[in-house]
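K.L.:
From first to last, the protein sequence lines are chains L and P. Heads up, the first sequence is in numbering that gives the first Met the number 0, so the first residue is 0 and it goes up one at a time. Heads up, the second sequence is in numbering that gives the first Met the number 0, so the first residue is 0 and it goes up one at a time.
These are calculated hints, taken from the structure and not from any lab test. Computed from a predicted model, the values in this text were never measured in an experiment. Misleading hints may appear alongside valid ones.
Any copy, or any two copies together, can satisfy a pair, since identical chains are not distinguished.
Simulated crosslink set (EDC-like; lysine to aspartate or glutamate; CA at most 20 Å straight-line) [to be verified]:
(1) K75 x E229
(2) K104 x E250
(3) K5 x D367
(4) K370 x D281
(5) K243 x E229
(6) K14 x E40
(7) K243 x E120
(8) K243 x D352
(9) K243 x E320
(10) K224 x D76
(11) K14 x E366
(12) K224 x E167
(13) K75 x D369
(14) K104 x E136
(15) K104 x D194
(16) K243 x E232
There are 2 protein chains.
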Amino acid sequence: MTDFSKTREFFDLPKGVIYLDGNSLGPLPRNAVDRMRHVMEREWGAQLIRAWNQSDWITLPARVGARIGRLIGAPKDSVTTGDTLTIKVYQALAAALSLRPDRRKIVSDNGNFPTDLYMAEGLIRTLGRDHELVIAEPEAVADAIDEETAVVLLTHVDYRTGQMHDMEAVTRRAHAAGALMIWDLAHSAGAVPVDLSGCGADFAVGCTYKYLNSGPGGPAFIYVKPALQETVEPALSGWMGHAKPFAFDLEYRAAEGIERMRVGTPPVLHLSVLDAALDIWDEVAIDDLRRCSVELCERFIAGVEAACPQLELASPRNAAERGSQISFRFSQGYAAMQALIDRGVIGDFRAPDIIRFGFAPLYVTAEDVDKAIVILDMVINQRVYEEARYQTRLAVT
Amino acid sequence: MTDFSKTREFFDLPKGVIYLDGNSLGPLPRNAVDRMRHVMEREWGAQLIRAWNQSDWITLPARVGARIGRLIGAPKDSVTTGDTLTIKVYQALAAALSLRPDRRKIVSDNGNFPTDLYMAEGLIRTLGRDHELVIAEPEAVADAIDEETAVVLLTHVDYRTGQMHDMEAVTRRAHAAGALMIWDLAHSAGAVPVDLSGCGADFAVGCTYKYLNSGPGGPAFIYVKPALQETVEPALSGWMGHAKPFAFDLEYRAAEGIERMRVGTPPVLHLSVLDAALDIWDEVAIDDLRRCSVELCERFIAGVEAACPQLELASPRNAAERGSQISFRFSQGYAAMQALIDRGVIGDFRAPDIIRFGFAPLYVTAEDVDKAIVILDMVINQRVYEEARYQTRLAVT
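If we strip away everything but chain L, and leave its shape as in the complex, we get (with noise of 0.2 Å):
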């Protein structure tokens, strides 16, 4: 049983923060700055180029990827680290698209967070051939599947709402009509079990700077099925995922299984970064964490309802449905988040009416859900958020 009163003590928080946004940006893990120390004077700065040797940089993505994979059921061998997210999710759906070249449809839903929408646009744009972009309602998203999809790309859990699809079920679908599946697991990873090998599914991507906790821009990850890495022939096809990347072959040749999905030189000072934050999933059973999550989500639901009913509820009513986190909708939602904020409750908002609170059982308590709910009470009761209105600066541009 994993003890939560203890892995709080893993975080740097500041005094004073009730901080429920770590699904936007988690926060600091106190052994990542000695870490990063370690990294810059030691390895970057006493061993200089012979550092991707003797610190064995060069094979840091596929350690960290390992890490990762445990946390989403992924089998040895299957996950890769580097990039952003956003740039994951173009090799994915590109590999799919190749996959399936008699295929057009490319089915996604309004739940999905808007880079992935972008890049498949992208993506479209610069095929320039027939490719359509379907964007459904989340709930309508199995009846768009059908014969003409080449692939199906998902958000597991929306990032406004935290509604989370039903992962088995839709890469079943996906399979039954022969379209491949990509899960961004943004919202998932560290938040949620996730079963990449009993879904079944073909792709999954997600960032790191979540509920992962390496940091603003931390890099992203990529799943590829074992049974398809030897078929995807990159569109990324970056140095470092060829089959001999210091040969210096004219030619590319792609690496073997999921190294081929490395794009260029890795970010090592923040790779390093993630590999520290991770080392609290060591002490940690992600079964346990879903179960305080769900606590934690069910106890500020009730708390906030029974004091502020003129909040809406946006996310799930059915724990089983959400992520780790609870979405309000409230007309004055930007002001109101930002008299929390100022008050020492952090959560954020997100256009055009939703406030977003994030529960990282790793360092939230059940103590931080009621003090939250007080304060929310008096913004939101003590109509604190029309000064709020005026006093903050425009947090988003």
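We have chain L; now place chain P onto it with these hints.
P.N.:
Chain P in isolation, oriented as in the chain L frame:
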């Protein structure tokens, strides 16, 4: 006049090391460690999600880009940073091809760094049309450019030999044929004077972990000529390149100007190290640096040729045709370089037979050059490398 006796203090170089591999990985700037600690503890740690505004992370790619722009003759608002050089090559190439839809040839040379060629191959394969990658000898590039050429993609300074293309002449030739010109400045930025505006280049890309000292896997940069910026429809159309990233529209609309070449969430930690590393350029005039670099290179060639006639100069003898590195061909180059490294002279080896030495006047002195020649003499003429071959572990895999 730049005082290069002081610039060395900016770096934390290990004692006893003569570092002639800054063309592969620049050394650690002393201020980068404190800057990183500040960003991790005071920004990420203390401000958490608020740091995107409070510490202005959101504009960091542009601010750092502007500092690099000053080193490469780029006008205001024409350079942004992020991703890897490999990704930036793809962006520039895809943009160029979309601007020349009726042309099918990409012209490059066999002195280009392989990842540039691989990315061209991957793009061509992804497009699935009848594009062709023409790989000429460096001397024959101008002749390979014709009326079917959409874009010329060259690395300004050859990573193997240091041979430098005439940027202005080749760009003029490309334009005369109606083609676009992309320069890869990996071995140029911070090493030789570059005048992107003056030569009329359409795109330029580069990495920052060599002569700009940003550390392993540091962010890349991309330049787009101002006159072209509004015509480029990005292939990698990520949310950070959207006109309103935080409106979360479902449809992509490119940001104005160079901002549209941003892709995903910027690597804030690593961009901050780069920003710190760029401080030294406030003290350095690039023309002074070039003069000093040429002096160091000439001194090295003269000394090595006198001591080790069995080494064959692979770099151009004319300093005006070289970047900031000197390469020699030697059949036992790999083992010889291992022996040199064991004795504190760090250069590197590039298959099949090139030993490379980079000369960065920011931290390499004439005294270093003289010492390096003495050690090279010992290694080569006492055939120390014959032992080294068996003693050292394989550095490249």
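K.L.:
Could you run down the list of hints and mark each one as holding or not?
P.N.:
Hints and how they fare:
In the homo-oligomer, the alpha carbons of K75 and E229 lie at most 20 Å apart inside one protomer (15 Å), although the nearest pairing across protomers, at 45 Å, exceeds that limit. Taking the closest pair of Cα atoms, K104 and E250 come within 20 Å of each other only across two copies (17 Å); inside a single copy the shortest separation is 31 Å, beyond that limit. For the identical chains of this complex, K5 and D367 are intra-copy neighbours only, at 15 Å inside a copy versus 52 Å across copies, given an alpha-carbon limit of 20 Å. For the identical chains of this complex, K370 and D281 are neighbours neither inside a copy (30 Å) nor across copies (49 Å), given an alpha-carbon limit of 20 Å.
Proximity of K243 to E229 under the C-alpha cut-off of 20 Å is restricted to the intra-copy arrangement: shortest distance 16 Å within a copy versus 39 Å between copies. Taking CA atoms no more than 20 Å apart as the test, K14 paired with E40 passes between copies only; the shortest distance there is 13 Å, against 30 Å inside one copy. With identical chains, the CA atoms of K243 and E120 are at most 20 Å apart between copies only, with a shortest distance of 16 Å across copies and 33 Å within one. Taking the shortest Cα distances, K243 and D352 sit within 20 Å of each other only across copies (17 Å), while inside one copy they are farther apart (51 Å).
For the homomeric pair K243 and E320, neither the shortest alpha-carbon distance inside one copy (45 Å) nor that between copies (30 Å) is at most 20 Å. Within a single copy, K224 and D76 get their C-alpha atoms as close as 10 Å, which meets the 20 Å cut-off; across copies the closest is 42 Å, which misses it. Taking identical chains as interchangeable, the C-alpha atoms of K14 and E366 lie at most 20 Å apart only when both belong to the same chain, with a minimum of 14 Å there against 53 Å between chains. For a Cα distance limit of 20 Å, the shortest separation of K224 from E167 inside one copy, 15 Å, qualifies, whereas the shortest one across copies, 48 Å, does not.
Taking the shortest alpha-carbon separations for K75 and D369, neither the intra-copy value of 41 Å nor the inter-copy value of 50 Å comes in at or below 20 Å. Only within a single protomer do K104 and E136 lie at most 20 Å apart by alpha-carbon distance; the minimum there is 16 Å, versus 42 Å between protomers. For the identical chains of this complex, K104 and D194 are neighbours neither inside a copy (26 Å) nor across copies (45 Å), given an alpha-carbon limit of 20 Å. In this assembly of identical chains, the alpha carbons of K243 and E232 lie at most 20 Å apart only when taken from the same copy (16 Å versus 33 Å across copies).
Violation of the numbered hints given earlier is confined to hints 4, 9, 13, 15; the remaining hints are satisfied by the structure.
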